[in-house]
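Engineer: The chain contents come next:
Protein chains: 2
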Amino acid sequence: MKTKTLLTTCALSASLLSTPQGHAKELIHDADHYVLKAQHAEQWAKDDKAVDSKLAEFKKSNNGKPPNIFYILIDDMGYGDMGIPELNSIRGYSTANVNKFSDQAMRLNRMYTEPSCTPTRCAFMTGRQPYRYGMGDTAVDISGFGLPAKEVTLAEVLSEAGYATTHIGKWHMGDIKEAWPNHQGFDYAAFPIHQQGQLTIFNDDASKEGVAVSIGPGQYKETFTKDKWFRPDGSAMAVGVEGKKGENVREVGMKPGERWTEAKYDELNQRYQDQAVEHLRKLAKQDKPFFLQYWPIIPLSAPRHTTEIYNTPNGGTYTEKMELLDRWIGDLMKEMDDLGVADNTIVIIMGDNGHFTKYSPQSGYTPMIFKGGKGYTTEGGVRVDAFVRWPGMIAADSIVADIFNVSDFYTTLARLAGAMDKLPTDRLIDGVDQSALLLEGETKGRRDTVYIYSGNKMEAIVKEHLKLKVPEPGENAILASFYDLQRDTREENPVSTEIGAWGGAEFTRIIQRHMMRKKKYPDEPAAFGKPYEGIDNLRPETKAAVEAFLIKSKVHEQ
Amino acid sequence: MKTKTLLTTCALSASLLSTPQGHAKELIHDADHYVLKAQHAEQWAKDDKAVDSKLAEFKKSNNGKPPNIFYILIDDMGYGDMGIPELNSIRGYSTANVNKFSDQAMRLNRMYTEPSCTPTRCAFMTGRQPYRYGMGDTAVDISGFGLPAKEVTLAEVLSEAGYATTHIGKWHMGDIKEAWPNHQGFDYAAFPIHQQGQLTIFNDDASKEGVAVSIGPGQYKETFTKDKWFRPDGSAMAVGVEGKKGENVREVGMKPGERWTEAKYDELNQRYQDQAVEHLRKLAKQDKPFFLQYWPIIPLSAPRHTTEIYNTPNGGTYTEKMELLDRWIGDLMKEMDDLGVADNTIVIIMGDNGHFTKYSPQSGYTPMIFKGGKGYTTEGGVRVDAFVRWPGMIAADSIVADIFNVSDFYTTLARLAGAMDKLPTDRLIDGVDQSALLLEGETKGRRDTVYIYSGNKMEAIVKEHLKLKVPEPGENAILASFYDLQRDTREENPVSTEIGAWGGAEFTRIIQRHMMRKKKYPDEPAAFGKPYEGIDNLRPETKAAVEAFLIKSKVHEQ
Chain A
1 MKTKTLLTTC ALSASLLSTP QGHAKELIHD ADHYVLKAQH AEQWAKDDKA VDSKLAEFKK
61 SNNGKPPNIF YILIDDMGYG DMGIPELNSI RGYSTANVNK FSDQAMRLNR MYTEPSCTPT
121 RCAFMTGRQP YRYGMGDTAV DISGFGLPAK EVTLAEVLSE AGYATTHIGK WHMGDIKEAW
181 PNHQGFDYAA FPIHQQGQLT IFNDDASKEG VAVSIGPGQY KETFTKDKWF RPDGSAMAVG
241 VEGKKGENVR EVGMKPGERW TEAKYDELNQ RYQDQAVEHL RKLAKQDKPF FLQYWPIIPL
301 SAPRHTTEIY NTPNGGTYTE KMELLDRWIG DLMKEMDDLG VADNTIVIIM GDNGHFTKYS
361 PQSGYTPMIF KGGKGYTTEG GVRVDAFVRW PGMIAADSIV ADIFNVSDFY TTLARLAGAM
421 DKLPTDRLID GVDQSALLLE GETKGRRDTV YIYSGNKMEA IVKEHLKLKV PEPGENAILA
481 SFYDLQRDTR EENPVSTEIG AWGGAEFTRI IQRHMMRKKK YPDEPAAFGK PYEGIDNLRP
541 ETKAAVEAFL IKSKVHEQ
Chain B
1 MKTKTLLTTC ALSASLLSTP QGHAKELIHD ADHYVLKAQH AEQWAKDDKA VDSKLAEFKK
61 SNNGKPPNIF YILIDDMGYG DMGIPELNSI RGYSTANVNK FSDQAMRLNR MYTEPSCTPT
121 RCAFMTGRQP YRYGMGDTAV DISGFGLPAK EVTLAEVLSE AGYATTHIGK WHMGDIKEAW
181 PNHQGFDYAA FPIHQQGQLT IFNDDASKEG VAVSIGPGQY KETFTKDKWF RPDGSAMAVG
241 VEGKKGENVR EVGMKPGERW TEAKYDELNQ RYQDQAVEHL RKLAKQDKPF FLQYWPIIPL
301 SAPRHTTEIY NTPNGGTYTE KMELLDRWIG DLMKEMDDLG VADNTIVIIM GDNGHFTKYS
361 PQSGYTPMIF KGGKGYTTEG GVRVDAFVRW PGMIAADSIV ADIFNVSDFY TTLARLAGAM
421 DKLPTDRLID GVDQSALLLE GETKGRRDTV YIYSGNKMEA IVKEHLKLKV PEPGENAILA
481 SFYDLQRDTR EENPVSTEIG AWGGAEFTRI IQRHMMRKKK YPDEPAAFGK PYEGIDNLRP
541 ETKAAVEAFL IKSKVHEQ
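For the protein sequence lines, the chains are A and B, in the order given. Numbered according to the UniProt record's numbering, the first sequence terminates at residue 558, and the numbering increases by one at each position without gaps. Numbered according to the UniProt record's numbering, the second sequence terminates at residue 558, and the numbering increases by one at each position without gaps.
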């Protein structure tokens, strides 16, 4: 009852606040945003004025145009893997170019992502946590679901605001047409339909090395294999596709009957790097501002024990590829300088979630600072390196400890691009506007709470530096584990009695408020459809794989 | 047999090498030094020439004098606690002054100490690992043993070479006269006889807070307490003493009957800081080069749950004191600038071992990068932050990944001070000369092996980035745990089969070589004696405590 009243009060005072930038309707946020807003509205309004004035000045100096946006999202890189030379040195490799970039950028030192690839990428694109539209889980093979068309992506928002938009590299939000970047707001997209699970494990080289178990050559004998559709054939699945906005895509680099190999994986990665350079050049020449996404697939590679290159003292299969990627990033940054777009472009480099600890230590990585990695809701799964550069606008070589959620980029970039009026106001948006943090600095963040989900299940709540591991159903709440994340970064020393005694009830109310918001704005399912529809040149084996998938999907109807 | 031959060969080729700096006799080192020397003698000779030439140039520019040395050793600070702003930010405090210092210094990124206070401090002072002279263990209360007079300390070496030498702060190498700094080479010393165990736990405030259990007011009732000597009384033990070389010391700050309190602990710390400043000024004015040691007792403090100051977001009792210490270090660095000695002084700032995890998380610290803390032989116990500054001579803002042992400073500082001929050549010296690393940079280190002991027991061997946890007696060597420290910084993913298959035999030979050296240069016991002899103004209660100790020490003779 008390909670309900509180929410009503918040909603009331929210409606009393002036709308920033003449935005027609208020964005709808999650509960705890209003708790902060009720306390800080006046200061936020002041900060907003300062932000608006800086943005106006920038626009004036940039021929009336908002900044370009270049977003580099790196796969499975945990906190501390890039940008801290001391930690590079401990591990025996160097991300020299990202380190240099970090000196020019603001480090968002408490960047929270989702605990795995698909959810993080969805949260960035939609500004909404993925459980709200059934995208909390990741699929590796043919699956027939994906990001719903009715989600309004940042690419759509920026397109509408006049940006040229391009996506290069990993996408991983489904194998159905409506989920794909060229149907989700990008003018052009080059991307693999699936992700490195298929690309690095479902191939014959990986089978021969024993990385893939029980699939591929040398891994099983057909004598007792009745169900020929049981094992995926990576070579039969669709691989890299490319296409323009609203049009069908075409698969590249694979002929009918051709096998997918590690060499082809390397080629595909090189292709994306080359395309990132090519499109950067193309976009820089256009009159429109641009939004370029480059989501490399490496450093992830087959988790082999050996590597053909051995340039780093570490020599892990991922660290070797990380150095390659770092050189590629260096090339891109140099290209920006050469093109003269370094100063009017916001560049973001970040990881999408922690390491995949399954491949430790031969990958070269293990969780170092935080506990756990990809797939875990401990900090090691959801805290990543994140840097934002905007020369003259965002303080170079700065570090901010304010909490940031990857979904906040959706709202914040829309604000910085002058596209707030293009954001949807008919649904709950998790991403809050963090422009003041970026432009005005530490303590100006507008978030103190993160709801950490695994799939559709809330597993932890972070508020300030306190973290509650949400008790399992039936677990006695008195035993719920609270952690002090500053004093115990690895969540190993619960202070449950000390914090629980006062925080237990308050955290319960945080959960209640959040759940009540979910009742008002209910979760919906992902989009479902026929895999690969919208690829013009499907190979016969790919068609067969889809047919098999469809039959398997319908056997319950027999 | 093979091993013996190898050693003979090494010894032979060693004798063929030219003696650096006209040193009369070669230093005697542990086995693996000669394995490296046999492979790198030629390069080392070249590097030595470069080093000698740089040192000669420096001396010329410094009025014919070698550099001053200022050594700040911080208690229980694990790797990453100082000098990396990103990690400061994660934990919610700032070591702004050490961070600034780190930008001016070389970070020894693989500094290995011993796993606790006494052994590390002994290793630094003597250049020899502490098991060689019975100082592998730590004592907190009255114990009647300490560092033997016949050890040749760096203070004695530098004194003989014409340095003025001063020690301020923690010493912790025994409560017998011969062990004390003013009898071990220092012209002047101000130090507590014991350490923070007594100073922060054996006091009435700690008892009242429940930090000390079963001693002090409110912690026990005498009804069934027959042995009045069972519990230590911190207030009766000797506290801070001060004195000149070879003379008796005097206890300061305690009157007979007075109780030791937390306030008095704070006073003592402030006193040491003031004395560090005072002696820095005094030494800077002298014509002699100086060797000043400042070994603060804070950040260690009573592991209370509350703190009277709350300046940091973290608020842990140790992090608060760490910020205080950081300000003090800032004051000292500024003082050096003001005195004009910043340029001709080598300044070293480092920790002595990992955190004491017993007090996590209320201390504000837990192991973050490596596994374990103080007392453990995992990297978290023995890897620390370490910075060396020497403007114009040592590359500023550099990071080197070469292995360094705290004992190496003994030999290295003697070399940099032009005092190699004062080092003893009648005993095994663990510390190798790392001058080339400091002056010529990364990869020039002369160590690839560390023998990690706990007390008198060898627990682990590090060679390159590989670490063997030495099997327990009777444990099957096939199960011995090997770790790849670059790919698995936290020693959680043993690669025993992968490395053991080739490294097992080689590591066995490393241990054999080391043990054969120990047979040639056998371990000896610590020095034993009457506690506190050599303190002029012992309080009556202190005398009584010593009497009780002596009776207890001799009951076996009844």
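Keep in mind that a hint or two might mislead.
One copy or any two copies: either way a pair holds, since identical chains are not told apart in the list.
[What the hints assert, rightly or not] Calculated lysine-lysine pairs in the DSS-like style (CA-CA distance at most 30 angstroms, straight line):
hint	residue 1	residue 2
1	K285	K530
2	K46	K457
3	K288	K37
4	K49	K177
5	K60	K519
6	K371	K463
7	K543	K46
8	K530	K463
9	K554	K100
10	K46	K150
11	K150	K255
12	K554	K543
13	K54	K244
14	K457	K554
15	K543	K37
16	K371	K469
17	K226	K520
18	K469	K358
19	K444	K100
None of these hints come from the bench; they were simulated from the model.
Engineer: For each hint given before, does the structure comply? Return the numbers of the non-compliant ones in rising order.
Structural biologist: Hints 1, 2, 3, 4, 5, 7, 8, 9, 10, 11, 13, 15 and 17 not satisfied by this model.
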